[in-house]
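Kindly generate the complete structure, drawing on both the sequences and the hints.
Residue numbers for the sequence shown, in the UniProt record's numbering: 1 to 688.
Don't read these hints as lab results, they were simulated from the structure. Careful: at least some of the hints might be erroneous.
Claimed, not checked - Straight-line alpha carbon distances no greater than 16 Å define the calculated EDC-like cross-link-like pairs of lysine to aspartate or glutamate that follow:
| no. | residue 1 | residue 2 |
| --- | --- | --- |
| 1 | 137 | 297 |
| 2 | 219 | 587 |
| 3 | 231 | 576 |
| 4 | 305 | 263 |
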Amino acid sequence: MSGAALGLEIVFVFFLALFLLHRYGDFKKQHRLVIVATLLAWYLCFLIVFILPLDVSTTIYNRCKLAVNSSPAESNGSYVTLAPSKQRCFKPWSYIPNGIMPIFWRVVYWTSQFLTWILLPFMQSYARSGGFSITGKIKTALIENAIYYGTYLLIFGAFLIYVAVNPKFNLQWNQLQTIGIAAANTWGLFLLVLLLGYGLVEIPRSHWNGAKRGYLLMKTYFKAAKLMTEKADAEENLEDVMEEVRKVSESIKYNHPLRKCVDTILKKCPTEYQERMGRNMDDYEDFEERQNSYPSEKSLVKLHKQVIYSVQRHRRTQVQWQILLEQAFYLEDVAKNETSATRQFVHTFQSQEPENKIIQYFYTPTVEWYWECLLRPWFYRVLAVVLAMFSVIVVWSECTFFSTNPVLSLFAVFIQLAEKTYNYIYIEMACFLTIFFLSICVYSTVFRIRVFNYYYLASHHQTDAYSLLFSGMLFCRLTPPLCLNFLGLTHMDATISHQDTQPTAYTSIMGSMRVLSFIADGFYIYYPMLVVILCIATYFSLGTRCLNLLGFQQFMGDSEMTSDLIDEGKELIRREKRKRQRQEEGENRRREWKERYGNREDSTRNRVVHTEQKESSFSETNTNRPLSKYTRSNGRTERDRIELLQDAEPLDFNADSISDDPLELESGRYQPGGRYLSMSRSVIFDDV
1 MSGAALGLEI VFVFFLALFL LHRYGDFKKQ HRLVIVATLL AWYLCFLIVF
51 ILPLDVSTTI YNRCKLAVNS SPAESNGSYV TLAPSKQRCF KPWSYIPNGI
101 MPIFWRVVYW TSQFLTWILL PFMQSYARSG GFSITGKIKT ALIENAIYYG
151 TYLLIFGAFL IYVAVNPKFN LQWNQLQTIG IAAANTWGLF LLVLLLGYGL
201 VEIPRSHWNG AKRGYLLMKT YFKAAKLMTE KADAEENLED VMEEVRKVSE
251 SIKYNHPLRK CVDTILKKCP TEYQERMGRN MDDYEDFEER QNSYPSEKSL
301 VKLHKQVIYS VQRHRRTQVQ WQILLEQAFY LEDVAKNETS ATRQFVHTFQ
351 SQEPENKIIQ YFYTPTVEWY WECLLRPWFY RVLAVVLAMF SVIVVWSECT
401 FFSTNPVLSL FAVFIQLAEK TYNYIYIEMA CFLTIFFLSI CVYSTVFRIR
451 VFNYYYLASH HQTDAYSLLF SGMLFCRLTP PLCLNFLGLT HMDATISHQD
501 TQPTAYTSIM GSMRVLSFIA DGFYIYYPML VVILCIATYF SLGTRCLNLL
551 GFQQFMGDSE MTSDLIDEGK ELIRREKRKR QRQEEGENRR REWKERYGNR
601 EDSTRNRVVH TEQKESSFSE TNTNRPLSKY TRSNGRTERD RIELLQDAEP
651 LDFNADSISD DPLELESGRY QPGGRYLSMS RSVIFDDV
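Structure, rendered in structure tokens:
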């Protein structure tokens, strides 16, 4: 089994990273280099998290062997026995031979650092560039990153000059390397604590609120109102950009040198706009005979960049709107089925995607009703309590992990108790659960962050290349300090435990932080205590309230603006539900018509064709009468179809007659009269 666990985890983590990237990225439309770079960054970061528990168990076994070698002992197969105390050091099932882990960590760490500080920033600028050639995109990326790279080179050069001039410092290459690693980890730890403080509170609270159906439905209405505003803004922005593209396309004809650039821009436009613009481009004009001013290549590069951004944003809002509608319809169905006497889950609309037959066989309507209406709320509550207990343990350990006598960090206590009995399975499981929970708190916050429209990880293949690369940068910068923080919590880091023991292979790659004592004994120990203040601020939603005061609408139950947006979203969901119901009714009518009159219509059509062929040998005057008879009959059939399939929307709709809102009686904000809130003057959505 030596090395087998390492190989299995390497393969498993690769498919895990590939699955997540497939959920957020688009393999068909995005550039392959972007996909490969992002996959490599995510894969290396996830790999560090999964392999580190194996490094801990191997280090504990190596410490045991060192203790055995320093005393009289006898060897017996897979374990070593101490002669005086009869203590046995069993070799763990996941033991990794010496020499493999240092090489592995060195390759993984320096590859991730190369990605986050050099390659990914360059690829970000390359992906957002509007250049029409590879050379142009590379030139733009180099110019944009000149300040970024120049700042780091200036700081590093000034530091080297200071060390070379000052005779007090006699730093070698290993110490310079450690200083560089410490600087990168310090920046990562600063951001790590901010994200960790948010995730420790928000993850248990989100699962607790997930058990509240009314809360989830109201929040979905709130999201619908905000997303409709963003969707309308994206459509308006796309129209403006397409109008500018149309003007450029009409001014630059086929024989112009910049026409290739215009064609490249047109290929990035939606299909309907391409067809509309291609209708007026059949003429040929000599641009040398005209004296009109043409746009420059620089302006076309800027326009190309705007087209890419606007099309991506428009597509993303359209997909998110459909997903949000399905979520709202499902939550409304759950609220209605809670009072069902038959205890069978009934959907208002059938799923548009075909379901798996195996899932349909086991996940019956009865099973779905018991899970959605009874078991799932309790499951979310129990899970929220467990996660809250983990969060409390993490906060306590972050504030006390520097204390080695007595040991106050609970994670260190658990590992030391298991180390006494050399229960490697327990050690690896405890380490994995600890670092996995820390990673979930940090990485989930990265997935939730949205910096306006520049950085946004949207699921269902709607994340742009810039956001994917930026997430890879964040993961590579956050993972090394996260692992060092985990080793500090478990007292596996000699810098924290102040013990002269064999360090883990990961710590040996990081180097001794004693070179910078003010960082090792100060910042690394006391800065994580700030997580307490951040958890308190997150619990009382101070950040949400500040954003709400600045004009960024956030979901707050005691806000008047939130109530208005909930009402607006409720009306939008009702309108979409009525629209989909009318569509399904129309499809049902067409299906019934085809089943009832399809065969009769086919026989009538065959008789008409047969009569035309039979009467074609006669004169024209003799053929008009029988044809008119069949034509009249066929016309009657067409009129019957038209009258049956007409589906006109009622002009005077009164919302009092139909009430399908499951929260109508609870919320108390239902407005009669069938008037949409978006049509009133007192609402901020007049432009929707």
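Numbers of the earlier hints that this structure fails to satisfy, in rising order: 2
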